[in-house]
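*Asks:* So you can see what is in the structure, the chains are spelled out below.
2 protein chains.
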Amino acid sequence: MTIPESQPVPSTATSEPLRILITGSAGFVGSHLVERFLNEGHTVIGVDNYISGQVSNTDLFRDHPRFTFIEADVSHGIPYEGEKLDWVMHFASPASPPHYQQFPVETLMVGAQGTQNGLELAHAHGAGFFLASTSEVYGDPHVHPQPETYWGNVNPIGVRSCYDEAKRYAEAITMAYHRSRGVNTRIIRIFNTYGPRMRPDDGRVITNFVHQALRGEPLTVYGDGSQTRSFQYIDDLIEGISRLVMVNYHEPVNLGNPDEFTMLELVKIIDDEVAHTSIRFLDLPKDDPKVRNPDLNLKLSLIGHTDFKSLREGISFTIRNMSKRA
Amino acid sequence: MTIPESQPVPSTATSEPLRILITGSAGFVGSHLVERFLNEGHTVIGVDNYISGQVSNTDLFRDHPRFTFIEADVSHGIPYEGEKLDWVMHFASPASPPHYQQFPVETLMVGAQGTQNGLELAHAHGAGFFLASTSEVYGDPHVHPQPETYWGNVNPIGVRSCYDEAKRYAEAITMAYHRSRGVNTRIIRIFNTYGPRMRPDDGRVITNFVHQALRGEPLTVYGDGSQTRSFQYIDDLIEGISRLVMVNYHEPVNLGNPDEFTMLELVKIIDDEVAHTSIRFLDLPKDDPKVRNPDLNLKLSLIGHTDFKSLREGISFTIRNMSKRA
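Protein chains in written order, with UniProt numbering: chain B, 1 to 326; chain G, 1 to 326.
Hints may be right or wrong, so weigh each one.
To be verified - Below, in silico cross-link-like pairs of lysine-lysine (DSBU-like), each with a Cα-Cα straight-line distance of 35 Å or less: (1) B/Lys286 to G/Lys286; (2) B/Lys286 to G/Lys290; (3) G/Lys324 to B/Lys290; (4) G/Lys290 to B/Lys290.
Said to hold, decoys possible - Here are a few chain G residues that face chain B, going by a calculated C-beta distance under 7 Å: (5) Leu108; (6) Asn155; (7) Glu165; (8) Arg168; (9) Ile173; (10) Ser310.
By construction, these hints were calculated from the structure, which means they are not laboratory data. Model, not experiment: these values are computed from the prediction. Where is the CB? At the ideal position from N, CA and C, for every residue including glycine.
The following block holds chain B by itself, in its conformation from the complex (with noise of 0.2 Å):
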């Protein structure tokens, strides 16, 4: 299925109103959902226990008439007894490396139970699930760009496992619902993801870079700043959500951006947005991937053609973000 570029590309933009759960609500992509889906007209309901997730992100819209909040561990269960859902939307999880090996059984939990607790509900519901899975499922890659029919490379048992594999664990149990209990569910990989309201202390890339730029300290680059990463504009994501939501599909679809940088192409780009006074080198964390970088021709055949904002405006956005909250 090619959806030729003339064609309106159906979203939840232009679809009927709708009762929208996600965990994870207060979360960096949460928040940016709950936000979409509210400016849509549809009624969401938010879920989040705030191991990761910030309190300021719900106070955003803890007045809006369609919003409803419930601060809750999705691990040991989700406590709606509302209206009829239409979509379950799972995306609650410590995400950046700093939060699940602080957190790892957390990790691990919500990818399991609590992913399991967002199927029932839904099946409950006869509500869509749809799950956030992520490019770690692919761990350091041999294949490069990767497609979704590129099965990965995870150490199962590494300090990375509790996130990579409780992720895998998540699209598993997601597509035995579907096959097994008839669930209409969707499945995206996210790639790595920036933008206003990631969490200060994240420990991904470009908060690092950003924070230490603004605060005039060295920049950390791990290795040689060879490695690369694509980084993707939140709004990018969502964006593509939004349209994933309306299309039948049911294995994964990778979301991010192809354009792939290095370490130190990014540096230069922070450099140019903020005067900084130099690098410090450390060692590579451990089984930290080399490459990422998504093959979205699925995600192309699937949705169409979606743009994409530069890395240059997506940082400079983003630095003004931080720069207004610091």
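Given the structure of chain B, go ahead and fit chain G onto it with the hints provided.
*Replies:* Relative to the frame of chain B, chain G by itself:
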């Protein structure tokens, strides 16, 4: 650490009496473990919900003074309230493709919640935790034979993923409890194992061939029969487990037989034992691994040399056992 052959190797056979809880005690491997530990003077608490275990395996020990049985689904909790445990050994799971594909969600749960319940019980008792993992974590391997350092090639969304990903998750959460909560853990990766008390409807190749041969039916060979497997006799596995309990090593250890046979070579051995009529060739099942063979160097360095029963001898034992039961 290498153990000279002359040195007696510690095992549960020479340890002081232990109190051991075994999940999956009514299963094939579980029931042989129960037998071994009871014969060595230990106290055993068996737990099973009979989703794939057999009541006849519990009946073997029901009257033993040092055996207690709890019928329970360990994914929902392990209702043990007795004296302090020395070991929790988690062997519960459907393990053959027809069984786990019939119960995909239950298989995922016993890998996640079941493993975690075992880890919590071990933690509460200050006991060791012993995880039965599997060579299936290697998937369809690109490295052959497979050392424990190989990260595997598993399809996270395939029809086998309910088992493979559940076991990878089980390893990840076992390591998380070891690292972050100090539980004394063991992980073994069990390669194809056969012997008395396999379920007649187990669906794996040796059981299938023996039953088909005994009934005079054609032996079903998938693909062209050139795919290889290594087959471990159950007693050899139990010996390895008994020794590894006593070795303070926390990362996964392969337990299997290094001798590799094609399916057609296996047919020949069955043919020599039981007259059969013919072979029926069928298509290879989805994601079926083409080769699988353990690298046993780590095992050798940890527990020293152990004898292997030859495939011919093991098959002969198994056929005699199955004929008795038929």
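*Asks:* Verify the interface restraint on G/Arg168: the C-beta must sit less than 7 Å from at least one C-beta of chain B.
*Replies:* Because about 4 Å separates G/Arg168 from the closest Cβ in chain B, which is inside the 7 Å limit, the hint holds.
*Asks:* Would the pair G/Lys324 and B/Lys290 pass a check requiring their Cα atoms to be no farther apart than 35 Å?
*Replies:* violated (57 Å)
*Asks:* With 7 Å as the cut and Cβ atoms as the points, is G/Ser310 at the interface with chain B?
*Replies:* violated (32 Å)
*Asks:* Per the CB criterion, is G/Glu165 less than 7 Å away from chain B?
*Replies:* holds (4 Å)
*Asks:* Between G/Lys290 and B/Lys290, does the CA-CA distance stay at or below 35 Å?
*Replies:* At roughly 29 Å apart (the allowed maximum being 35 Å), B/Lys290 and G/Lys290 satisfy the hint.
*Asks:* Are B/Lys286 and G/Lys286 close enough, with their CA atoms no more than 35 Å apart?
*Replies:* The given pair, whose Cα atoms are some 34 Å apart, holds under the 35 Å limit.
*Asks:* Closer than 7 Å between Cβ atoms is the bar; does G/Leu108 clear it against chain B? Give me holds or violated.
*Replies:* holds (5 Å)
*Asks:* Hint validation: G/Ile173 versus chain B, beta carbon distance must be below 7 Å. Holds or violated?
*Replies:* holds (5 Å)
*Asks:* Are the Cα atoms of B/Lys286 and G/Lys290 separated by 35 Å or less?
*Replies:* It holds: about 31 Å lies between the C-alpha atoms, which stays within 35 Å.
*Asks:* Measuring from the C-beta of G/Asn155 to each C-beta in chain B, is the shortest one below 7 Å?
*Replies:* With a closest approach of 5 Å, the G/Asn155 hint holds.
Violated hints, in rising order: 3, 10; the structure is consistent with all others.
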